[in-house]
Amino acid sequence: MAEVVLRNVKKIYQSRQKKKKEDVLAVKNLNLTIQDGEFLALLGPSGCGKTTTLRMIVGLESITEGEILIDGKVVNSWNPAQRNVAMAFETYALYTHLTVRENLGLCLKAKNVQPQEIEKQVNHIAEILKITDILNVRPSHLSGGQQQRVSLGRALIRRPSVTMLDEPLSHLDAALRLETRIEIKRIHQRVKGTFIYVTHDQLEALALADRVAVMNFAELQQVGTRKELFEQPANVFVADFVGEPPINLYYQSTLEEQDGELYAVTPQGAYRFQLVPQKRRLLENHQKEKVTLGIRPQHIGLEQKPGYVPLSGKGALFEFLGEYGYLTVHNQGLDLSLLTPADIESHSEQIDIFYDPHKVLLFDSESGENLALNRTKNI
Amino acid sequence: MQLSSNLQRFHNRTTYYCWVGVFFLLIGGFIALLYIATLQIDYLWAWYRIPQYFVYQENIEIRAEIEGEVETITMNGDQAVVVVVGSDGQETYTVPSEDIRVDEGDMIYAGDVLATYKEWRPGILLQGLGTTLKASVYAIVFGIVLGLIGGIARISPNPALKWSAITYIEIVRGSPLLVQLLIWYFVIGTMVNTILANYKLGQISAMGYGIAALSFFVGAYVTEIVRAGIQSIHRGQIEASRSLGMSYAQSMRYVILPQAMRRILPPLAGQFISLIKDSSLLGVIAVRELTKATREVVTTSLQAFELYFVCAILYLVLTFTLSMLTQYLERRLAS
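So the protein sequences, as listed, match chains Y and F.
In this text, residue positions in the first sequence follow numbering that gives the first Met the number 0: the first is 0, and each later residue adds one.
In this text, residue positions in the second sequence follow numbering that gives the first Met the number 0: the first is 0, and each later residue adds one.
So here's chain F without its partners, still in its complex pose:
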């Protein structure tokens, strides 16, 4: 009996590892097929060129602002102080000592390079990733606020609030995000910026309208998630709090919403993951987010395969991180 159960266990483990092997074979097979396909079209993989689109070293030049003579160069560790004396007076420049392009006594003109140094700069993909993150985070925050207000309005007995919430939800969920983005930027944006210009006030950027469009879009879905979450809490909970002297607002704040939050966290996370991916549409209103940045680099470098793969992986990193964070929060709330 003991032997048979051990054999069974071994058999199960063997089967398990066999299927793990099958999984990795499938992945390997897919990569091999892709590689063979690229050989067929004479595509040259150039992964080594990708890092520069994340970070690169920029050559920064320090130039003279006056015409004159280099009077002194004083070394001070890795810094040097260059004093230039001209007919208009003298100028002092603090420059890195590693690459000084002038000597004492040199005659120089305004605009001549005194020294250079290298500085790490974020590449276009990293900037695009930052823009995507910024737009997504703002849209998530505003979306939650809108969703909470909308969700409570949606279950309100007040017809003005309830019908407003329903109208908002139906309009937003009934039209594509791309169309909404275009309306926000080209219709609402034009009107608002014209009014602001008339009053000599600052203009709202494309990014601002993009965030507004995403917020309103995600807010409608969050509204429904919040409504479902609130309604999933047993009616007895609000009745208990009301019968114990709390107002409706206090019942919502202290009793219903904290419990609803646990239940709405998984669908909310799913919604925010979708939002991160939907932010790729901001490119149509000239916001250089990750997808648009990738397209721009592809246009100049012609490394489409590598760059689009990298773009997809970056989105995956963002969404996977959010997914992990949600799971952590769920565990925290459950304990």
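Chain Y with its partners taken away, still in its complex shape:
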């Protein structure tokens, strides 16, 4: 096990064309600490720099600026073999000319480990991953799930201080993805290593990781637990990217005061969200200025719970999502989505809905930063 620290890590891909100097910034000033034994997920859309970050930690990619420390040692100039890390690839990258047994044992063979010891370790890891029955099979005859497990086993057999998984479930079907997700979590608990997991699927990240680091456009947006990301997103991107169903976001909203109460009002006054008194201090900076308002469908409902405030809208669309329903209401051209019990009837008339004013999020309309977090930082 090991702690991994990234200090001001930057990666620029130089343009190959000498005339056109179009350098690509892949990772921008990344500062991140992954605790010893932690399971951290790097979450973000395609092309945000998460795989590049992983490759820099492994040593497959050079660093333009900054430092990477593993176990307190700067490893910038170390080759992958010296770093004692291992990586399981999105494409699995199994050695097609070797059997599963040989795939698992090859890195030990390269280190001149005794054949009996290799056999022992291969059998041990195969038992953990439940692949003992396919040890003599070639990768071309394996299913996606089996290949994924072999890829993971090949990484774990070295007992690396850091294990990295690059979108390992992206090629699996839904049922297998769920099964393998549970398997990965179980393995982490069993081997107790430091795991870094790259994914663009928030469900995977939130289900598996102790903490999630959200990236976008080469920058780290926020690092936190699933609760922190869900309830206090650092900016509009995190709020929108994390959470299923997606958050209700209203750009160009305004803050208004009426009868001693503070409200966030969506464009054309379609919805007026009452804010809790703690958010009054935001009024000083943002009265009559535009803000981005956000509220998650999970924090709106059809029944009045304690502390919930009423709101009205016209029922527009109901989707059945299995355990719950997803209702979209309409008012003056603006939609508002909320979660409902699965068995409700579809509404088309004017209905009352209720929301939790504590959960209303406000973001700066220009920078997209969460005003509450921003405010806290400045105080």
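No lab work stands behind these hints: they were computed from the structure.
Backbone N, C-alpha and C define an ideal beta-carbon position, used for all residues, glycine too.
Check each hint, because a few of them may be wrong.
Said to hold, decoys possible - Output of the computed footprint for chain Y on chain F, the stretches with three or more beta carbons under 8 Å from beta carbons of chain Y:
#, segment
1, 233-242
2, 246-255
Unchecked claim - Here are some chain Y residues the structure puts well away from chain F; computed CB gaps all over 12 Å:
#, residue
3, 31
4, 173
5, 178
6, 231
7, 303
8, 317
Claimed, not checked - DEER-style ranges, computed between Cβ atoms:
#, chain 1, residue 1, chain 2, residue 2, range
9, F, 257, Y, 200, 34 to 42 Å
10, Y, 245, F, 269, 53 to 61 Å
11, Y, 188, F, 269, 52 to 60 Å
12, Y, 174, F, 329, 36 to 44 Å
13, F, 157, Y, 22, 18 to 26 Å
14, Y, 188, F, 172, 56 to 64 Å
15, F, 140, Y, 131, 41 to 49 Å
16, F, 14, Y, 131, 48 to 56 Å
17, Y, 184, F, 234, 25 to 33 Å
18, Y, 332, F, 234, 48 to 56 Å
19, F, 269, Y, 131, 38 to 46 Å
20, Y, 70, F, 234, 27 to 35 Å
21, F, 234, Y, 304, 48 to 56 Å
22, Y, 177, F, 257, 31 to 39 Å
Dock chain F against chain Y, hints included.
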């Protein structure tokens, strides 16, 4: 419906065998034309004379080394022991009993034939074939070694290695093999053998320089084949091995080259087939390989048609065997 499909199948089979017949007719026609052409020039085919150039029976004579008298001849199965006693002492000869040319009591002189026997010897064509095989096998082995080193150097980020490999490839592929052979033998050979003579060391034969020329020639082509083979392996394979703690050399040895070998086997086989045929140029530096041996026999026997056909067939046997071996290896590697 059933009837129609059977008719169709019969029609297809009939058509197939018709075309097989056409093929054999073409072959037969070509042979007939050749025969008619030779009649026009009064050429006498003498195939019966060809076997002697492969193997022949040589008459071997056992001669006395001293002057004296044959004292005893003792038969021992198919061997006989001949004892010759002279003024200088006595000599004992073990000879085949089938053709003894002396009797007990005969007076003989040094150099007289005591007995003869026949022994099978390889003919000039078989010797030439052996030389061709030897040169080709050595050149293939050294060519593979050079090609592997060159191929890895060719994709190396180290400019010294990369540019050396590129220079080697361009020079070798940009000039004819015949010219390279002449340079190796008359230029490099002269210099090296002179230096060796100055240091009182053994000389390198024409065959040695021929093998060197062929090796360097084929090595350049193998270099490009190896490079293409390595680069055809998905980048993820080397990254996986590197990220799992292997050095670059180990990644190459255990992961990349074994996979690349499968892919480079067909072009490699093609290259080696070309090499066997190219070895016919060794004759210009006085190496008696198959083609030169054939030319020598033609000069003495004047049986040009038969001998050149035989020469071509022998090359075909070599290349076809190599082709079959390659296919077998491909199947083995694929399974």
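Among the hints numbered above, which are violated by the structure, and what are their numbers in rising order? none
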